[in-house]
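Participant: These protein sequence lines map, in sequence, to chains A, B and C.
Throughout the first sequence, residue numbering follows our numbering, covering 324 to 463 in sequence.
Throughout the second sequence, residue numbering follows our numbering, covering 324 to 463 in sequence.
Throughout the third sequence, residue numbering follows our numbering, covering 324 to 463 in sequence.
Misleading hints may appear alongside valid ones.
No copy is singled out in the list; a pair is fine if it fits within one copy or between any two copies.
[Stated by the list, open to error] In silico DSSO-like links for lysine-lysine, alpha-carbon gap of 27 Å or less:
{"no.": "1", "residue 1": "Lys388", "residue 2": "Lys325"}
{"no.": "2", "residue 1": "Lys454", "residue 2": "Lys329"}
{"no.": "3", "residue 1": "Lys325", "residue 2": "Lys387"}
{"no.": "4", "residue 1": "Lys434", "residue 2": "Lys329"}
{"no.": "5", "residue 1": "Lys329", "residue 2": "Lys388"}
{"no.": "6", "residue 1": "Lys434", "residue 2": "Lys387"}
{"no.": "7", "residue 1": "Lys388", "residue 2": "Lys434"}
FYI, nobody ran anything at the bench for these hints, they're computed from the structure.
The chain contents come next:
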Amino acid sequence: MKSHTKHLTLTVPARMDFVNITSQVEQELQASGIQDGLCLINAMHITASVFINDDEPGLHRDYKKWLEELAPFDPSPERYHHNRTGEDNADAHHKRQIMGREVVVAVTEGKLDFGPWEQIFYGEFDGNRPKRIMIKIIGE
Amino acid sequence: MKSHTKHLTLTVPARMDFVNITSQVEQELQASGIQDGLCLINAMHITASVFINDDEPGLHRDYKKWLEELAPFDPSPERYHHNRTGEDNADAHHKRQIMGREVVVAVTEGKLDFGPWEQIFYGEFDGNRPKRIMIKIIGE
Amino acid sequence: MKSHTKHLTLTVPARMDFVNITSQVEQELQASGIQDGLCLINAMHITASVFINDDEPGLHRDYKKWLEELAPFDPSPERYHHNRTGEDNADAHHKRQIMGREVVVAVTEGKLDFGPWEQIFYGEFDGNRPKRIMIKIIGE
């Protein structure tokens, strides 16, 4: 069994935004030399997500509006108990649960074994500071 | 390390529905000869899910109603920016995020190492056309 | 390839609560002797979750309130069709989909390869009875 590990670091210059990281993952897969196996990609911070969906700006705008409705940003201590600790990012911990922490992608013949529109995104919900993303590939 | 890859193709004759694919996954596991490892099952399309829950029609009806409340079908360009691209399936991209893209199941002694009620479902949110599902098993 | 399998059993003395299981997972990782690979942790019951987030009681209180808003407990047969089967836990099947079934964690140099605040939780939504959690580690 071969294995390859990479921690990406990213600073998203907005509180909430989505960044396409597919080409970085493909680069690590190529570096690994792994032809067949599994590739895990996860946010290493708990106010962020890694998810797979469409690279379409209108959809991303829709996601942001929807997540804001489901878990509004509110730094006051009234809505979220978490924000009584001095934090203001309780909403981000909720948004991340909707969008998920991680994806696991099949690797076949040295490539991410993807459907036609699958793209990997880092979802930031409490940005403007460096965050890390894990890429772990195992296989042969 | 052994590995086994299968792409299932499925046409769900409804916009939204859930299909139990557990026996197809078990069949691939048997074909793989893998006794111990991990099995990834994911939707290869971004308006569909693979998830594990109960095979109970009442619950599935509840899920559909709930997902429709959380992200209503609305082909108009007003509610969803995504639907200004000529698409009408923005709601499906949202529903899929709630239900998830994939599951990873442990394989032990040649079987899916499941709890008493776990069943694997393909969740379709923009159906009436062929879609693909990935099954990837690695182990020994 | 090495592999290690453990089923934990847990009885949560509340209908809904979150239990930090990180140290149990670390113990199994140590017992496995695996230095590099992937670790799957999943709920084996379909009214429960395994997720990664912050070990902060205020946030957990926020999650419970939020999940109750998104999918209220209601044993009557009116709101949920599932509860016409004699069950009263339809809400729990919904809450579990928001919080997710499983996490996959990278193992590097014999440790869970975690960001600064990542902790693994078992999320119970229909408690007061024994439930099982799967830990499966594969690697070398």
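Participant: Give a verdict on every hint.
Facilitator: Verification of the supplied hints:
| no. | hint | verdict |
| --- | --- | --- |
| 1 | Lys388 - Lys325 | neither (42 Å within a copy, 44 Å between copies) |
| 2 | Lys454 - Lys329 | within (13 Å within a copy, 32 Å between copies) |
| 3 | Lys325 - Lys387 | neither (38 Å within a copy, 41 Å between copies) |
| 4 | Lys434 - Lys329 | both (17 Å within a copy, 15 Å between copies) |
| 5 | Lys329 - Lys388 | neither (32 Å within a copy, 37 Å between copies) |
| 6 | Lys434 - Lys387 | neither (30 Å within a copy, 35 Å between copies) |
| 7 | Lys388 - Lys434 | neither (34 Å within a copy, 38 Å between copies) |
The structure shown violates the earlier hints numbered 1, 3, 5, 6, 7.
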